[in-house]
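Engineer: Protein chains in written order, with full-length UniProt numbering: chain A, 1 to 574; chain B, 1 to 574.
Where hints are given, some of them may not hold.
Any copy, or any two copies together, can satisfy a pair, since identical chains are not distinguished.
What the hints assert, rightly or not - Using 27 Å as the maximum straight-line C-alpha spacing, the simulated DSS-like pairs for lysine-lysine come out as follows:
| no. | residue 1 | residue 2 |
| --- | --- | --- |
| 1 | 556 | 221 |
| 2 | 200 | 556 |
| 3 | 296 | 436 |
| 4 | 433 | 221 |
| 5 | 537 | 296 |
| 6 | 296 | 556 |
| 7 | 537 | 397 |
| 8 | 556 | 297 |
| 9 | 216 | 556 |
| 10 | 221 | 297 |
| 11 | 200 | 221 |
| 12 | 436 | 525 |
| 13 | 296 | 433 |
| 14 | 221 | 436 |
| 15 | 537 | 433 |
| 16 | 433 | 397 |
| 17 | 297 | 216 |
| 18 | 397 | 221 |
| 19 | 200 | 458 |
Please keep in mind that the hints were generated in silico from the structure rather than gathered at the bench.
Bear in mind the structure is a predicted one, so any value in this text is a computation, not a measurement.
Here is what each chain is made of, one letter per residue.
Number of protein chains: 2
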Amino acid sequence: MNTSLARFLPILSWGRTYDRSSFSNDLMAAVIVTIMLIPQSLAYALLAGLPPEAGLYASILPIMLYAVFGTSRALAVGPVAVVSLMTAATLGEVTAQGSAGYAAAALTLAALSGAILLAMGLFRLGFVANFLSHPVIAGFITASGLLIAASQLKHILGIDAQGHTLLDLLETLIRHLPQTNWITLIIGASAIVFLFWVRKGLAPLLARLGFPDGVKSALVKAGPVAVVVMTTLAVWGFDLNQSGVQIVGAVPQSLPPFTLPPVPLDLLQQLVLPAFLISLIGFVESISVAQTLAAKKRQRIDPDQELIGLGAANIGAALTGGFPVTGGFSRSVVNFDAGAETPAAGAFTAIGLAIAALLLTPLIYFLPKATLAATIIVAVLSLVDFSILSRSWHYSKSDFAAVAITILLTLGMGVEAGVTAGVLLSILLHLYKSSKPHIAEVGRVPGTEHYRNILRHKVITDPAVVTLRVDESLYFANARFLEDQIHNRVARDPAIRHVILQCSAINAIDLSALESLEMINTRLKEMNVCLHLSEVKGPVMDRLEEQHFLQEMTGKVFLTQFEAAEFTASAASA
Amino acid sequence: MNTSLARFLPILSWGRTYDRSSFSNDLMAAVIVTIMLIPQSLAYALLAGLPPEAGLYASILPIMLYAVFGTSRALAVGPVAVVSLMTAATLGEVTAQGSAGYAAAALTLAALSGAILLAMGLFRLGFVANFLSHPVIAGFITASGLLIAASQLKHILGIDAQGHTLLDLLETLIRHLPQTNWITLIIGASAIVFLFWVRKGLAPLLARLGFPDGVKSALVKAGPVAVVVMTTLAVWGFDLNQSGVQIVGAVPQSLPPFTLPPVPLDLLQQLVLPAFLISLIGFVESISVAQTLAAKKRQRIDPDQELIGLGAANIGAALTGGFPVTGGFSRSVVNFDAGAETPAAGAFTAIGLAIAALLLTPLIYFLPKATLAATIIVAVLSLVDFSILSRSWHYSKSDFAAVAITILLTLGMGVEAGVTAGVLLSILLHLYKSSKPHIAEVGRVPGTEHYRNILRHKVITDPAVVTLRVDESLYFANARFLEDQIHNRVARDPAIRHVILQCSAINAIDLSALESLEMINTRLKEMNVCLHLSEVKGPVMDRLEEQHFLQEMTGKVFLTQFEAAEFTASAASA
């Protein structure tokens, strides 16, 4: 077998050792995940503003393609809450929800997102996602959860509301509040209360009743299915749709259709930035789930190959009437816990969903939209967690600033503005911090060869020698800062004859910083002061040795700070 | 005297000790600088597309205001080549050169630039300028020099040409080449040859003739004045302006007028980004001259106060018919060499130029524009230096990329595009590098307590222990990279029981990185592997100690890597 082919087709590795035991484990996991996914897929299609069948379609081919190209054994790919919200926000800018162009634009968005992910995978650009810092993601998910819950309230109340910011949503909700449909509200509110009870109250109850853990967790997982069945029966039995309860209605009984996403240039231009953000957010969510699950079985995840797997899945969604997808947290955990051993479990899930799309869709005709909204609200409220605000406040104010701006802008200006502002602010704050590095003036700890900050420790110093330790790599943004600091330190103290830069924390010196060192050397020479370096790291020294600087430097390079201090002490007293 | 007042008014410090000797030195320097500045000011006004008197006006009040607010003793403020070019490029986008709105927009640009500099100084934002890396500045100045020289060729040829990119300029020049005015060309070419000879040939000649250094350098500096006098006389004597030689013409005989810059909102919006770039470039040029000169006398420069000084100077230019100014290299060096001791020299220069504006302007009626163009060309060609390309190529490819893109875009798309692209590219490359830090797996050098890279050195390792040294501070952009590296290193080697992170090069850990460490700890725990830290720096440890992480960590924190290795070796064999 060609190993480079195996890199791009992980299925070739696990497929060779596939046996009957893996098959039966995968099949069992697939049955459980399929049952869980039916209401979830319908609900996320509703959240994305698309017809319910789109949610099923988006879970079939994508999950099979990921099984071929992905590296995670347990990841389940399909529609997820945050990506569905971002899809709705993006498409709402381009065209009206419910219009023919809306579903077509969803295909284009999935195709673009797939192309971006594939390109990032092929060119190994997965590192770009690392610029979404943890606090920004945490803030974004919390704010998105609130936005999603707010966007679903209209289905619970049976009224109309729109908007992609919290204010817009609440304002239109309040304006339409008098039109509340009470029957819808009773269904929706009961569903929410029931689902919360299943999460919080059912498990302890079953435990007290002595049910084994497996049955207990299966019953809890079946909560959304139960509420779907009960409310559908209620609407059908009492003809509640005649009283204004919005229902899912006729869903085509078919396998996923073959669709070609439209690609007019102006649409592509409008969608490319949102598609990029959707890809990044989806990738980050997916890879963190995949790695957490892989660690439990000491398996490897290749981030660049994951991009290819997710890219293929999104292209698949675009070709089969879906919308952007990614690896979801809850479905993957269920898959893993249910015993899935290989990506074949995903393929079996896809077959299960295909059968559902073919045979079960007439059964959900009377399913109230309020029920789907209730499952979404209960799911996303578990994502809302403001503790990141207090945690970051205590750890570092710049992390706090990034979280706060992300939450505020996501709620106040929408998902794109929120995540973009969060990323830019965290990059700017990082650059700011590295542009003013910590520079400690150090002295010798009595009786040792250690050198420590003169402000923190009682140390021995020499009036003719200044030793500065820069706690940051030197690059353009802090090179001139170093020039200023050294210049001003020496200019105000005429006794100084030697400056030693202790380079133990300097991992790199770029060309700007090298030129700053040359400038520092020249200016110190004008002031009759020698410049020395100590404890320069190997790779940094390798580079410096190719340059003139070391010959021009007025002082020497010392292996240890102690040697440098010994030398300058004798030179100063001579 | 109030010391906080003295911080904002450096004149209060040097003014108190001002004596007769300083006075006579300053006065002598002022006379020399004034003579040099007259042709230079006229030429840079021409370069900026403004009437010649604007160059004189821009040198009078600005230099006096800098004397009050600036911290450099020798800096001479006024129009400089690169800023004048940027002014012309900016105003050319807004309105037609020569129109009434053009000169008014120049006032607005100077006012905006002054306001930006003042704001940066008051809010201590001088560090922003540090993001202009040395290679980007070097590339920008070289490309600007070429652009300036190309823009002046039309005056040498006596034809019309315009454009803000090298291609546009050359294309219009070639198209108009048949209209070349031969007399203008002879004047311009002779002036260029003469000025180059003064620079390269006159000094050695005078040295051979035994002239003392002072006289020699004064004669060399007087070159531009001589060529102005000679060509003016030639035009006047032979009525060459009748043959199509463009002359400066009537210049109002007056002190700088009081002008109020117009501030319509749409103009401000168009000018604010260019004004920001002009401010940054001007500040960087000015501060580097100021520090170089200050070093020679062991004087201090306060970068934030320099911003205030330059801001005041630009506001002054806006109020007196000028255009954006900054501290110039050549004029400051002349001022310093001529013996200027305090900013009073600048004030005296301003008085000299005011007298020139009042009395001497009729004398330059017949001064050919070709002469001014020649002085510009000779001055800027000394700025053109492509050696930065080969130097950066050999030192670091990312520095080279930043230089190359700056030069290409400045020449091909104009000054704003060039400097912006250079800055953004260097920031992106820096972020990229820090997002994939050097992570070395280390082992013990036999017979020592030192730990070195297993790939570079013959070291002792333990199959149950992996020690990784990360040569970079941990922050969001590299936190997940570390997760991947550790996960994949451990997942492929089932013998591993301990992972030690040697933290000697880690100067900071942000919240994302802390959460990654928590995640690494959790995942390693799933794989039955302990995580240890060694050689954590004081400030990093302070922060970690406030967090749960250290309690949750499966392993320990060790002062030295040797202790960590001893502990894990005994734990692994136990």
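Engineer: With reference to the structure, classify each hint as holding or not holding.
Structural biologist: Hints, verified against the model:
| no. | hint | verdict |
| --- | --- | --- |
| 1 | 556 / 221 | neither (70 Å within a copy, 39 Å between copies) |
| 2 | 200 / 556 | neither (69 Å within a copy, 37 Å between copies) |
| 3 | 296 / 436 | between (41 Å within a copy, 26 Å between copies) |
| 4 | 433 / 221 | neither (46 Å within a copy, 45 Å between copies) |
| 5 | 537 / 296 | neither (38 Å within a copy, 32 Å between copies) |
| 6 | 296 / 556 | between (52 Å within a copy, 22 Å between copies) |
| 7 | 537 / 397 | between (32 Å within a copy, 20 Å between copies) |
| 8 | 556 / 297 | between (53 Å within a copy, 24 Å between copies) |
| 9 | 216 / 556 | neither (72 Å within a copy, 38 Å between copies) |
| 10 | 221 / 297 | within (23 Å within a copy, 78 Å between copies) |
| 11 | 200 / 221 | within (12 Å within a copy, 87 Å between copies) |
| 12 | 436 / 525 | within (25 Å within a copy, 37 Å between copies) |
| 13 | 296 / 433 | neither (37 Å within a copy, 31 Å between copies) |
| 14 | 221 / 436 | neither (52 Å within a copy, 40 Å between copies) |
| 15 | 537 / 433 | both (23 Å within a copy, 17 Å between copies) |
| 16 | 433 / 397 | both (12 Å within a copy, 25 Å between copies) |
| 17 | 297 / 216 | within (24 Å within a copy, 82 Å between copies) |
| 18 | 397 / 221 | neither (40 Å within a copy, 55 Å between copies) |
| 19 | 200 / 458 | neither (57 Å within a copy, 58 Å between copies) |
In summary, the structure is inconsistent with hints 1, 2, 4, 5, 9, 13, 14, 18, 19 from the numbered list given earlier, while agreeing with the others.
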